[in-house]
Structure formats: structure tokens, C-alpha cells
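Asks: In the order they appear, the protein sequences are chains W and G.
Count the first sequence with my numbering and you get residues 59 to 346, in order.
Count the second sequence with my numbering and you get residues 11 to 430, in order.
Check the hints yourself; a few may be wrong.
Said to hold, decoys possible - Computed footprint of chain G on chain W, listed as stretches where at least three residues anywhere in the stretch have a Cβ under 8 Å from a Cβ of chain G:
(1) 145 to 157
(2) 161 to 168
To be verified - Per the computed footprint, the stretches of chain G lying under chain W, defined by three or more beta-carbons under 8 Å from a beta-carbon of chain W, are:
(3) 111 to 122
(4) 368 to 376
(5) 387 to 394
Please keep in mind that the hints were generated in silico from the structure rather than gathered at the bench.
Each residue gets a CB set at the ideal place from its N, CA and C atoms; glycine is no exception.
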Amino acid sequence: MNWLLALPALLLIALVFGWPMLRYGWLSLHASSVLTGLEPVPNQGANWARLLEDPRFWQDALQTLRFGVVSVGLEMVLAFAIALLLDQRWRGRGVVRALTLLPWALPTTMMALGWRWIFNTPYGPLEQLAQAAGLSPLNLLSNPDWTWFAAVMADVWKTTPFVTLLLLAGLQTIPDDLYSAFRLEGGKTRQAITAITLPLLTPYILISLLFRTAQAAGVFDLIQVLTGGGPAGSTESIAQYAYLNAMRFLDFGYSSTVMLAGFLLLSLVIATAALLLQMSRLLRPLKS
Amino acid sequence: MPLMRRLLLTLIGLLLAGSIGWSGLQRPEEISILMPAPFADATVDQVKQFNADHSGRIVLNVIRGPRDTESISDLAISSLLLGTPPFDALLVDVTWLPKYVAADWLQPLDPWFDDADVDALVAGARLGNSVNGDLYRWPFGADVGLLYWRKDLMPEPPRTASDLIQIASRLRADGKVKEGFVWQGRQYEGLSCNFVEFLSAFGGTWLDPVTGQPELDSKAARATVHWMQQLIREGTSPLAVSNYAEPETLQAFKAGDAALMRNWPYAWAELQSDSSAVKGRVGVTTMVAEPGASPAATLGSWGFSLLRGSQHQQATAEAIRALTSSQAQRDRFLQQGYTPTEASLFEDPELLEASPVLTQLKEALAIAVPRPITPLYAQMSDLLQRQLSGVLTEKRDPDQAMEQLQGATITLLRSAGGES
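If we strip away everything but chain G, and leave its shape as in the complex, we get (with noise of 0.2 Å):
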């Protein structure tokens, strides 16, 4: 008896060691990611397919965060500041990059990503990952701004600026549509990210690729406003524009009152549903620019950045990786319409079938065109809305208020020291 109990709390004793110490060296490695929610229900069964691919070595947890941009920038500052966030990796937008790599919090990527990676991306994607020539993102999706126009309405969209608003004109004046043209005007970033495509096609740049130095003085500066205003003045666009974001005006074009529309990729599938009146009378095809300028469009998208202060990085830019792998991309574009970043895939003869645009797409990112990759972008883009909207609601005039811009924009830039 002594013996088969001495027995058995010795088997008992090295079970519950052998449990202890296998527990101790199989303990997964949990990272989290934090996501917009409709980034993060995008990607339930490709982390589900992770977790079961890492089975007992990684965890991967995704933390869903509020839908609205500002929302989950201001979740992320917070967390961020207060030093060891609960998260290892994280979405960031494109404009928030250079501010997040200056308060230092960002790891490079460049370990985990080589050239051969950032080759396989199409042209738009490669651009607004590096700050100082070091990788801080790997792009979850692409994104771009689009010019939508009704197919039943003209036999080929505008392509100058001035086509745009003699079609919508003749358009209007016939009573065929009720507005010609709808974008964002209201004060916010959407009115930055209409402004870069409007000045291109003037042949304008915000800042000087060269030097550094605003350019919202020149010549081609003050025709995009003084276009802008004639859009709103001459009725090719309506009053109400100036107070619209991309819900305002993707309603008003899918109910079928506006002949173009400047919008994302996702307005796409909107468009296509059946609560959509303008299913199949849609072509896709990107800004106008005026002879002798090139046509451009506004670099959006999130990526994915890894955080300084974690844990866990090899492990969680495995996970990087493989939520941006081909497959998932495929996915996404396949299941929700999230545009993919790798260039093989817009050849893919299955994603082509599935999607008419892609195509489009892919000419828009070809001429993709970031927003100024500096830490103060922030403030330049506020105060670019400011002078914007004053023009387009209370008749500022153009070139008083472009001059204004461009010596608030130089005071922000020298203060900073830099730049000057």
C-alpha cells in the first residue's frame, strides 16, 4: 500500500510538472493589432486561418476599433501616449505616418520587407510606406480618388477641366440631370485630398517636390481655386457641395441627381446595389487635367506599422504578412471590394471577370499622388480647409486667399524650423 500510494503522488508530482513546464515553453505568443471595425470584420477569416496556421506558437488578437478615421486616431494618440499600448501593430492612414515616425513610435518594417516586396506592389502602393527612406508601413489595401460618370448621361467622361464643366452644363441646361458635378467640399480632409487632384490637373503641386517650399501661391494654385469657386458659382456644382463629405455625395449620385462625382474606390460596389439607381450606368476613370498637366489621384489607404514598444515583432510582422499576403488580398477584393496592392493581381483573369473597374483601378494608382509626407501635414491641411471653404461658401477671393495660405503655410514650415 505505502508503495502504490508513494507511486502515485510520485506520477501525480510529475504530471503536474511535465503540465507546468510543457505549459511554460508552449505558452503562445498573443500579439494584437488594432483595426478600424470594417477592417477588422474584413479580415475575421484570414486571422482565424493565421491562428490556425500558428496553432500553439502565436495567438494573433484583433482589437476592432471605431469606424471613423478621426475616431481611431484619437484611440490610438491616447493609447500611444500613455506609453505601453495594448497592442503590438496597428492601421495607420497614410497622412499620419511622418507624425507618428517623428514622436518616435513606429519600428521599421525593413527586416521583414525587402526590395522584392516593395517591387511586387503596384505604383500607387509603394508610395507613403517610408519616411527618411526607412519602411514604417506595409499597405493593407489600395486607395485612390476616382471621377464617376453615368454612362447613360455621355458617350465619354471629361477630360480637361473645362470639358467637365461644359458637359455638365449642356447636361443640366437640357434637364437631364438636376447637379453636374458632386465631390467634398466640406472643411475637412476630404476637401485636402480633392484639392491635390484639382491642382494637378492645373499643374500645381502643394509643395515643391525640390525644395520643400508651399506652392499654393503659384499660377496653377490660384486656377484650381478660381476653378473650384466657377464650379460652385456657374452651378456645375451645387452650394450644398461645400458641406459635403463621401456620404453626401455619394448619395446625391446614386440617387441619380449628379452626372460625376469624385469619389473612392468603395463607391464602387455601393453603386452597383440594388437600393442603387444608377446600377449599371456607371464607368469608373480618373480626374481631369488640363492640356499639358498630368491627371492625378490622391493617395489614401491604410497600412499596417508595428509599434516600437512591442513585444513581440517578429511574430507580429509574421502576421503582417500574412494578412497581406496574395491570398488575402484576393479575398478581400473578391468578398468586400477592398482594393488589392500586389500588380500581379490586377492581370488576375479571375479578379477581372469579377470586377469591371479594375482596370481603371489600376491606371488611377499609376498616377496615384501622396499628400506632403511631413509631420506638420496636419496643420498645413487644416489650414488649406480654412482658406478653401472661405472661398467656396463666402466668395473669398481666390487669389487673396491663396496668398494668405501660402504665408500662413511658410510661417507653419519655418517655425518647425526645418524647412525655411
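Isolated chain W (complex conformation) (with noise of 0.2 Å):
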């Protein structure tokens, strides 16, 4: 009887997710575009055929998994630097844990476009520093091999804070006697980091990452503004190439398709990452 207490919330789930999933799986199946009048023609899984043979839909999942994994590794480095210093006590700490948070607080699209002005070659501040140090242009956003760093540095600007807060909270649950016996025993602070800090925050870091990981797998407004998925798709993501597809393109079958391979090709990252964190735990369990 239990499971119908749960009912209400599987109802919603059923409804915002699986419905749509169910109806990306359907249209994946068929040919609707201009071409076929926006009908949908049942196109015997010609669209996925041509999905396992479009090398841009490969190229896009690297740049994707690229992406996420620089941005959010960056991201929770710094987020826990940050969290640490948060968590000390000191003059004025009130009003840095709020500034901190105010990249977070910005639209994206408002952020991406500062950012694509701050790049701008020879304008943007970057590039006026790279000249006063006598640097030639750096050409951030013209260069295939990089652009996509910049992309990361951008994002990273953004989101950090979103994990600092998580970090901060998870630190504030420590109890700080912890840390005194530790001391008391004769323990060094840089030990107390990987003897207490981490192992306790590590539900902490765990929900961030997951957060976070599909976040950047679905990346799509920070880029769109930023690069547009140039230079030469250099930057192109998941997300962007599904809405080109049905929004420039108006071809909604391959669209559903590539959204729902992307879906899936994250559900296996995760399920991955899962089974190894599942993996080191066996081997190595934490101590309580």
C-alpha cells in the first residue's frame, strides 16, 4: 500500500518526463520536415541509421564530453578552495560569500555576451592585456584547437559558485570538534583535509557532480551565444546540434533522434561513473 503514497510524484514524473520521452522515441522513428509537410512518415529507423553514420553527431558528443568534464573537474577544484576559505572565520566573510554568489545570479545569455566582448580581439580586456605584456593577438575566439577553452573559462566564471554554495553547506555540517581531537592527537592540518573534510563532504560532492555533469551535458545558451559553435563547429554541443536541426532545419525526426542519443550517451557517463565510484568503494570503504 505504501507505493500508492508515491503515486502523486510518479504521476508528475510520468508526465513531464516519460511522456516526452516516449514521444522523442516515436518521432525518432519517423521523417518529419519540411520535406514530408511536418507530417510524421514512418521512416523504419532510417533516422538512426543515419545518426551511427553522421560524423557530426560523434564530433558533437566529444566537444560535449569535453566540455563537461574540464568545466565541472575546474569547477569543483575551485568551488572547494573557495568553500574552505568561506568556511574560515573572518572579517568581512558576510559580504564575500554573497559577492561570490553573483556570477551565479547572472543570465547566462547576458554573461555569455560579456564574456564574447571580453575575448573580443583586439577590444576586449583580455586582448588589451595580452598587449600591454607585448603579446600578439590572441585570437581566442578564432582558434579551433582553443576556443572551446574559452567556453570552459566562461562557464566555470559562471557555476562555481553554484558548487561553492553546495561545498559551504556540506562544510558547515562538520562538527568543528572533529577537528580539535584530530589536532589534539597530533594530526596536521593538511592530513585533516583528506582524514575528515573529504570523506564527510562527500555526499556533498557527489550531488554537485551530478548536478552539475548534466548541466553541461544539455550546455547549449552559454555557447550558442558565445561561439554560435564556431569556429568551424569547433564547439559545437548536443544540444545545439537538436535545436539546429529542428528549429533552423525544421527536421524534427532527426532532431528527437539526436536529443534522445544524447540523452542516452549521458545516461551511460553516469551509469559509468557510478559503477566505478560503486568500485573504489568496495575496495577502499570509508571510515565512519
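Make the complex out of the two chains shown on their own, each in a separate frame, by following the hints.
Replies: Now the structure itself:
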């Protein structure tokens, strides 16, 4: 009978998640574009066959992965350091805590426009700095090998505060007594981090990782505004490719296929990560 | 007393019945048109005038959409997909039309605009309004690509592609200007617009007008892309143009850092503003072309399209006509600088006096070239942008890039089943 209590929640999930997924699945098995007058016509999995042979999809998948891994990784490290700092007691901490949150509060499109001007050659502040240092123009947005990193920089700037907030909340749940006891027994501060802070913070780290990975895998607005997927398609993400197919090309069949394939890939990545985590726990159980 | 009361009641009853009947008869038709914000702002007076002229019969509302072309496209498409959009007409960009027609969203305008109306348009404004012989769009303003040049740096603007490089390198070598030629090389629709002009300068076309087949690996197309790469390699254009859209391009030219700029007519007013470092030192002409090839100006421009599902087609067509009347075009040109579409206005003494570039605009409109007119244009343009961006930024080999592009475009058109 207990499951009845969960029914409202299950219904909601079915409605906002299950139904769209089924619809995507159904649409991905149909041709639905301007060529069919936007009517869905069954096409025997042609969309999926096309996807498997579409180098652009796989390139975008790798680019999305690269963006996600590097930006989430950097965010975790930076956020951890900042959270440690903000957890200490010092004058003016309240103000700084509020200020560090600011980037997170900005709408992504606005901050992406801002970064586009920061990276602008030759008028952006970054180029001005490079000029002052006597370097040749960086042209960071015109470099297929490195433009993706500009997107990472903007993303790290924007979302580190979010991770900081989660980790800071986690840090505040760790009782000071633990550290006092540790010090009393002759432990060093550096050891305290690995022996007390990190293990107790693990649930918070995991939840931030989950949130951020899901968000980074669906990155759209930042890249759309900052680079438009260029140069030479080197920053295009899966979400952007799906958007292009739906809203520019009016090819809804293929767009659904791309979106669904992106979702499956993301699930695969998260499942692998969870499995690895499980295995590492089995090998080295957390001491409580 | 009872009589008085009865009379009063009757009177009230009559009044009520009358007012209900009256309002039923006289309820004006409410119509709405979706426009990007700048156009909505530019038509405020004309909408007021229209509503005053049609008082009690038609009420025209303008829905102020986002400013950005892509955002307004998303908004329009989302509403159209839902079946009953909350507007009767909308402003569409010239490249959307075949796609919208293929999706069966639009109603032909032929019953309301005849050949005489079309003949009254300036050459460039006649293009890109019809699909398969039916008129689906009535132009709001004329818009074409132009070449802006610095009168204080050169006596005459360059006329050929090689001229352009020579003049720019001489100016840069003499230290007279930082950059030679700025244009739109970012991976977006603007790059395709620039390419159409450059391609014409070398005598090429994107699609063969007769066979409808892509001509992207032709000798002319290869020469074009070699030239574009050369612009950056030899420093005529900074590498940064490969990430420039219109605003960045205008900023460089407006700051006095560039000798030549490719941009749309809107830039003129900006360059004459007080914040411009080159005010009064700018000339306008058409894009260069190699000897034997004809220069071209890529057709931009927005136009009104009537929705198939509109319940007020007659009233909406009247509104479209009023918003694009001679008087409306005059007002918009004099107040906001929107290029008119009616040929006779280009000879109008008052307009000629107000703008020294009207003659050049007419010249550019005479050589206007539309981008390929096909429902698959968005895909074709996307393929082109990716390859060109590769040529400009990672020094991809132009010949190889164009061969790949030709193959990809053929595959695309073939998958459409139509033009192969």
C-alpha cells in the first residue's frame, strides 16, 4: 500500500519526463520535416542509421564530453578551495560570501555576451592585457583548437559559485570537535582535509557532480551566444545540434533522434561513473 | 405611475438591446502582426494612423518580438507549430520564406498585390518575395550588402578583388590604418551573406540558376575561397574577422581602425553619429568584382507574410498595405533610415537631400542577389559556414574544403529527393 503514497510523484514524473521521452522515441522513428509537410511518416529507423554514420553527431558528443569533464572538474577544485576559505572565520566574510554568488545570479545569455566582448579581438580586456604584455593577438575565439576553452572559462566563472554554495553547506555540517580532536592527537592540517573534510563532504561532492554533469551535458545558451558553435564547428554541443535540426532545419524526426541519443550517452556516462564509484567503495570502504 | 415605470423599463430595455446589437454590429476586427522590436518601434506612428483611419472597423496590434533574428525565428516557429498562432501576419526574413511555404504556414498575397504593385518596386526589392510563382511576402524595407570606404584614406574605392588587397596593404604599410578590410567571418548566417558577394566577384554562383545544382567546387568558387583565406593570411583582414558579426565589424570601422568594411545600410547612420571617429569621412559603394565578373549585393530584408490560419485576411492585407505605403516608407527613411522599396522614392528630391547615399543604395539594389531559394537553405548555409570557418581559422585547404562542401550539398539536396 505504501507505493500509493508515491503515486502523485510518480504521475508527475511520468507526465513531465516519461511522456516527452516516449514522444521523442516515437518521433525518432519517423521522418518529420519540411519535406513531409511536417507530417510524421514512419521511416524504419532511417534516423538512427543516419545518426550512426553522422560524424558531426559524434564530434559534437566528444566536444560536449570535453566541455563537461574539463569545466566540471575545474569547478569542483576551485569551488572546494573557495568553500574552505569561506568556511573560515574572518572579517568581511559575509560580504564576500554574498559577492561570490553574483555570477551564478546572472542570466547565462547576458554573461555569455559579456564574455564575448572580454575575448573580443582587439578591443576586449583580455586582448588589451595581452597587448600590454607585448604578446601578439590571442584571437581566442578564432582558434578551433582552443576556443572551446574560452567556453569552459566562462562556464567555470558562472557556475563555480553554485558548487561553492553546495560544498560550503556541506562543510558547515562537519562539527568543529572533530578537527579539535584530530589536532589534539597530533594530526596536521593537511591530513585533516583528507581524513575528515573530504570523506564527510563526499555526499555533497557527489550531488554537485550530478547536478553539474547533467547541466554541462545539456549546455546550449552559453555556447550559442559565445561562439555560435564555431569556429569550424569546434564548440558545437549535442543540444545545439538538436536545436539546429528542429528550429532552423525544421527536421523534427532527426532532432528527436539527436536529443534522445544525447540522453542515452549521458545516462551511459553517469552509469559508468556510478559503477566506478561503487567499485572504488568496495575496494576501499569509507571509515566512519 | 405604473405607466411611467413601464415606459422607463421599456426605454431601458430598448437601450440595452440597442447597445448590444450596436456593439455586435460594430465590433472592430482585431488583427495582430508579429515584428522584431526595432521594426515595431519604427512603425508606431503608422500603426496609430492606421487605427485612426479604420476606427471602429479594424484594430491593429503590433506584437513586439525579440530583436535578434534567430530569437524571433524561434518564437514564430514555436507559435506556428502549435497551430493557431496569436497573430495574423508576421515579418519574415528573406531566407525563411521557402521553408515557411513548404510547411504550409503562409497564404499567398496575390489577391491584394498585383503586377503593377510589384513593378513599382525597386529592382532588389522585387526578389525573394515569391515561391513557385506565388507572392508570399511584401517587403518592409530594402536591405543589401554594401562596401564602406574611407574617403580620407583613398581617392577612389577599390573596384576589383586584387585592387582591394593592394590598396589595403599599401595603407597598412604606410601606417595610415591598422586594419585593411573588415567583414563578417563568424560561423553564422552573415558569413554566407558575405560569401555570396565574394563569390559573385569571381563570377561564381552557389546554385546553378538553370539546373539548381550546387556549383561550389567550380573554378570561381575555389578562387573565391582562396581569396578569402588570402585576405587573412596577408593581413588585409585581421584573423579576428573570423569571429566578427556585424557589431564587431562596425565597431572596428567606426573607431577608425579599418579602411574598408562590408556591412548593411543600417551602418551608415551609425557612422554619421557623433560617437563615430570617421563621421563625414565615409563613402558607400558596391562590393568589388574581378574584371569580367559582375559585382553583387546580397539581399537581406524583411517582409510581411500573411498566415494561412488568419481569420482576418482582408483586414490584415489592408494593414500590410498601409504599413508599406509610399508615405510610410518616406517617414521611416527620414526618421529611422530604413531604405525604401518603391523605385520612385529613390528620385524624390526631399529624400535625396536627406541622405547622400540614396543613389548608392539604388545602385546596390540594382545588383541585389538573393541567397538560394529552397526550403533546405538553412541546411545548405550551415554546411557552407562550417567549411568556410575552417578555411579561415584552421587554414583548411580551400580546394579540399570546397570539394567536401560540394559533395555534402549534393547529398543534402539528393536526400530531399527534389533537385538531383
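Asks: Mind checking, does the segment 111 to 122 of chain G have 3 or more residues with a CB under 8 Å from chain W?
Replies: Coverage by chain W holds here, the residue count being 3 at a Cβ distance below 8 Å.
Asks: Are there three or more residues in the segment 161 to 168 of chain W whose C-beta lies closer than 8 Å to some C-beta of chain G?
Replies: violated (count 0)
Asks: Take the segment 368 to 376 of chain G, compare each residue's beta carbon with every beta carbon of chain W, and decide whether three or more fall closer than 8 Å.
Replies: Contact hint for the segment 368 to 376 of chain G vs chain W: violated, 0 residues under 8 Å.
Asks: When I compare C-beta atoms, does the segment 387 to 394 of chain G have three or more residues closer than 8 Å to chain W?
Replies: Coverage by chain W holds for the segment 387 to 394 of chain G (3 residues, Cβ < 8 Å).
Asks: Under 8 Å between beta-carbons, do enough residues of the segment 145 to 157 of chain W, three at least, approach chain G for the coverage claim to hold?
Replies: violated (count 0)
Checked against the numbered hints given earlier, the structure breaks hints 1, 2, 4 and satisfies all the rest.
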